[in-house]
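Student: This is what each chain is made of:
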Amino acid sequence: MQTNENILCCLSGAPSNGRVIRAAARMGQAFGSGFTALYVESPGAPAASSLRENLRLAEELGGRIITVYGDDPAVQIAEYARISGATKIVLGLSPRENRWRGGRSLIDRLGVQAPELDLYVIPDAAADTWYRRAPAVVRERFTWPDFLRTVGILALCTLVGRLFVACGISAANAVMVYILGVLAISMVTTGRSYSLLATAVSVLIYNYFFTAPYYSLRSDPDSVATFAVMFIVALLGSTSTARIKQQAEQSARKAYRTEILLQTSQKLQKAEDTGHILDAAADQLRQLLECDMVFYLADGTPRPYPVQPGADLSALTTESEQALARWVLAHNHHAGRSTAHQPQARCLYLAVRGSRGALAAVGLAVDEHRPPDSFEKSLMFAILDECGLALEKDTMVREKQQVEQTARQEALRADLLRSISHDLRTPLTSISGNAAILMERGEALTADKRRSLAGAVYDDAQWLINLVENLLSITRIENGTIRLNRQPELLDDIFQEALAHLDRAAERHHIAVELPDDLLMAEMDARLIVQVLINLLNNAIKYTPEGSRITLSARAEGGMVRVSVADDGPGIREDAKPKLFQMFYTEGKAGGDSRRGLGLGLALCRSIVNAHGGAIGVADNPPHGSCFTFTLPVSEVIPHE
Amino acid sequence: MNKPLILVVEDDTAVANLIATTLETQDYHYHRATTGAGALLDAASCRPDVMLLDLGLPDMDGVDIIRKLRGWTGMPIIVVSARSEDADKVAALDAGADDYLTKPFSVDELLARLRVALRRVRYDAARSSEEARVYENGAIRIDYEAGCVWRNGEEIHLTPIEYRLLCLLAKNTGKVLTHHYMVEQVWGAGGADTPALRVFMATLRRKLEPDPAHPQYLQTHVGIGYRMLRQSS
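Chain order of the listed sequences is A and B. All the letters of the first sequence, read from the start, carry residue numbers 6 to 646 under the numbering used here. All the letters of the second sequence, read from the start, carry residue numbers 250 to 482 under the numbering used here.
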């Protein structure tokens with residue numbers, strides 16, 4: 006059963022988080038909707054090994070894992086839930102979390118941030134007894150530059166303090182100098198330990214140099230108060246400086262992340278087909294990770310994207326690597342290097358996910374010694390998700406086009422069949438009947454009679470030939486399979502070609518050509534435009550009495566060439582004019598078995614002219630008659646000798 | 250010249266019969282082949298004057314047959330095909346065919362094309378004895394050495410490009426030359442494009458033809474190319 010429920014499960018590094026994940030998975034199963042596991046990565050928090058276990062568990066239970074990056078889990082969860090349309094949130098509750106920031110728990114804060122969501126809280130009973138929060142001290146590495154900076158600043162402070170004393174300024178001012186020094190240290194060094202150390206050392210130095218008895222660490226009780234205040238101020242100052250620094254860093258990363266994602270979605274939106282989408286995603290990933298990568302579409306063919314253009318990535322597309330990529334595509338799980346599944350592979354394989362499973366996979370040749378950090382990972386997944394969305398959109402657009410085109414073709418085919426079944430029978434009957442008479446009783450007929458029968462066979466065959474040409478052209482055009490072979494052509498040549506292929510009845514009409522500039526050229530597919538002219542001329546011949554005048558003319562007008570076929574026949578009724586160019590419309594009485602066209606000719610003319618970027622229309626030809634006119638883009642040619 | 254021998258290569262019996270009947274009415278000899286291999290064999294053994302070749306044979310592609318034949322014979326080849334795409338015609342012509350005919354064709358059309366081809370054969374046979382310095386065709390006369398062209402004894406002034414085009418067509422009288430081939434021959438590779446060719450052909454025709462609207466010499470094949478027709482003097 007598929008419901009509209011969308012379950013979001015909050016991941017954490019807590020060992021008890023497994024229960025939360027299992028609960029979410031069960032709910033997902035019950036609602037038939039699966040679940041999404043969201044991990045909010047906050048700055049400074051160490052990635053515990055239990056987190057990796059939890060991630061793996063979520064993946065095994067069929068969860069879709071999303072990592073977002075942010076300072077405040079409540080805001081991030083609420084935001085993601087809103088974007089992804091989550092309806093239910095499953096999260097764990099531990100005593101620690103109860104006191105999150107000023108006593109307001111994550112759950113309270115989530116309730117404020119997203120009051121419309123259902124919250125399911127899985128209590129963590131065991132937490133107190135066996136889970137103790139690991140100290141959140143980030144392991145800092147000792148570096149000489151930082152150490153030297155610390156020592157240097159402290160020495161400078163001491164020097165300045167001595168100078169104050171030498172100038173007769175109260176030694177109490179030296180306290181300020183040291184506090185300033187500690188603030189400076191917390192700004193220029195990485196990690197808190199240097200500023201903590203500096204705080205302690207500065208108190209000692211102050212004691213040693215500036216309080217009586219001088220040059221000893223002994224001091225009177227008065228000074229102890231000074232030391233305490235100095236220590237506390239320096240400590241608080243350095244702590245808040247460090248936090249500001251951290252926040253600045255974080256907002257810089259946030260800005261970077263936003264920029265990359267914005268860029269990604271812009272590029273993906275511009276991409277026109279699957280290839281371009283993959284190109285755009287690969288570009289962004291390459292910018293982020295600077296590693297070679299190979300994309301695999303659902304059919305499993307590798308598309309390498311090396312960092313160095315033209316580099317050979319065949320080492321990354323060996324049979325075993327491709328097999329792993331296919332596994333990722335089939336199972337919609339991540340695999341390869343730095344994962345549980347086949348970690349010996351050369352690449353880390355990630356699935357590009359759409360709503361109906363993996364649409365593509367990407368193999369990232371990540372550095373073994375420097376796997377992507379959590380920030381890079383979260384960006385990487387965000388880019389891949391964007392890519393998945395774009396691929397899905399692209400597929401849907403194409404499927405829709407396909408369906409529309411199929412429907413159009415079906416309609417056309419049905420109309421054609423209907424018309425053909427009636428209209429082909431008439432000439433075929435005449436052809437086979439006349440031929441049978443000639444075959445069986447040819448000797449008994451007079452020569453004149455024989456010739457007239459043969460002429461009828463010939464005329465009907467010609468009519469069929471013309472019909473077949475039109476049918477072929479119209480199906481090709483309507484199918485969209487036609488590719489116009491556009492070239493500048495001389496109108497003169499085109500006119501001669503068309504005039505050479507008219508019905509036999511043309512002899513009984515006066516056809517004149519008016520071409521003021523016989524070097525006039527237009528951009529066209531010659532064969533198709535000749536067909537347009539033949540159709541227009543044959544129509545004029547067919548619907549005008551014998552002896553009528555038909556004028557074929559062309560002249561340049563603006564950037565277009567205007568071609569017209571005018572006759573002085575009876576003309577066309579006003580109400581019929583708009584319908585003339587519709588497919589299967591025929592002038593004259595409907596029904597009966599009288600000879601009529603399929604009503605394809607003018608529809609085809611319109612399709613052809615429109616495909617050329619021109620327009621076709623019909624007007625009266627005063628005093629009587631009609632005039633069909635179409636336009637084509639003019640073509641200027643500068644001949645060079 | 251005796252009755253000309255035509256090799257008809259066509260795998261469809263009805264069309265082959267139609268062609269055969271047409272040839273009989275004109276007192277031409279003919280020989281029939283239904284496969285590409287048979288056509289190559291017959292072309293070597295019977296030495297026909299003209300070959301009518303269907304492009305869609307069961308065993309070989311017609312364009313390949315033309316290429317093979319052109320390795321050793323200059324016999325006129327008229328391609329008969331139901332493939333109506335211009336690209337197919339151009340491919341056959343560029344491979345060395347002289348002319349093409351699209352199915353369905355009329356009997357008159359077939360005979361007209363055959364006459365053009367046979368006239369070329371006859372003319373080639375007569376010419377082979379003396380190296381031509383002068384080209385004569387109907388009222389047209391070209392003196393290759395002097396670089397002059399006359400119609401009815403009256404000199405016609407042509408631009409250098411027009412003259413080169415005329416010589417190219419004259420030397421291939423009876424053969425349809427594709428746009429691509431002509432541009433390459435006259436301007437060299439990348440020298441000009443087909444629109445320019447069309448303009449020069451139009452001006453050449455105006456100078457050369459007594460009635461440009463009904464050309465006798467320079468035939469236009471829309472979408473394909475041009476051909477110089479031989480006029481009986």
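Certain hints may be false.
[Said to hold, decoys possible] One-sided excerpt, in silico: chain A residues whose CB lies under 10 Å from chain B:
hint: 1; residue: L458
hint: 2; residue: V462
hint: 3; residue: Y463
hint: 4; residue: D465
hint: 5; residue: V473
hint: 6; residue: L476
hint: 7; residue: Q492
hint: 8; residue: L495
hint: 9; residue: D497
hint: 10; residue: I499
hint: 11; residue: E502
hint: 12; residue: H515
hint: 13; residue: M588
hint: 14; residue: H629
[What the hints assert, rightly or not] Covered stretches of chain B, going by a simulated chain A footprint (3 or more residues, C-beta under 8 Å):
hint: 15; region: 279–289
hint: 16; region: 465–472
Read the hints as simulated data drawn from the structure, not as lab findings. Quick caveat: nothing in here was measured; it's all calculated off a predicted structure. By construction, the Cβ of each residue, glycine as well, lies at the ideal position given by its N, Cα and C atoms.
Student: Against this structure, judge whether each hint is valid.
Tutor: Checked hints:
1. The closest approach between the C-beta of L458 (chain A) and any C-beta of chain B is roughly 17 Å, which is over the 10 Å cut-off, so the hint fails.
2. With a cut of 10 Å, the hint placing V462 (chain A) at the interface with chain B is violated, because the nearest CB-to-CB distance is about 13 Å.
3. Restraint check, Y463 (chain A) versus chain B: the minimum CB separation of about 9 Å is within 10 Å; hint holds.
4. With a least beta-carbon distance of about 13 Å to chain B, the hint placing D465 (chain A) at the interface is violated under the 10 Å criterion.
5. Against a cut-off of 10 Å between C-beta atoms, the interface hint on V473 (chain A) holds, since the closest Cβ of chain B lies about 9 Å away.
6. Interface hint at L476 (chain A): violated, since its Cβ lies 13 Å from the closest Cβ of chain B, which is beyond the 10 Å cut-off.
7. Using the Cβ-Cβ criterion of 10 Å, the hint placing Q492 (chain A) at the interface with chain B is satisfied: the shortest such distance is roughly 6 Å.
8. About 5 Å separates the beta-carbon of L495 (chain A) from the nearest beta-carbon of chain B, less than 10 Å, and the hint is met.
9. At its closest, the beta carbon of D497 (chain A) sits 7 Å from a beta carbon of chain B; the interface hint therefore holds under the 10 Å criterion.
10. Interface restraint check for I499 (chain A): the shortest CB-CB distance to chain B comes to about 6 Å, inside 10 Å, so the restraint holds.
11. With 10 Å as the threshold, the beta carbon of E502 (chain A) comes within range of chain B, its nearest partner Cβ sitting at about 4 Å, so the hint holds.
12. Against a cut-off of 10 Å between C-beta atoms, the interface hint on H515 (chain A) is violated, since the closest Cβ of chain B lies about 15 Å away.
13. For M588 (chain A), the suggested interface contact is broken, since its CB lies about 22 Å from the closest CB of chain B, more than 10 Å.
14. The interface hint given for H629 (chain A) is violated, since its Cβ lies 28 Å from the closest Cβ of chain B, which is over the 10 Å cut-off.
15. Counting residues of the region 279–289 of chain B whose CB falls under 8 Å from any CB of chain A gives 0; the rule of at least 3 is not met.
16. Proximity of the region 465–472 of chain B to chain A, defined as three or more residues with a beta carbon under 8 Å from a beta carbon of that chain, is established by the 3 residues found.
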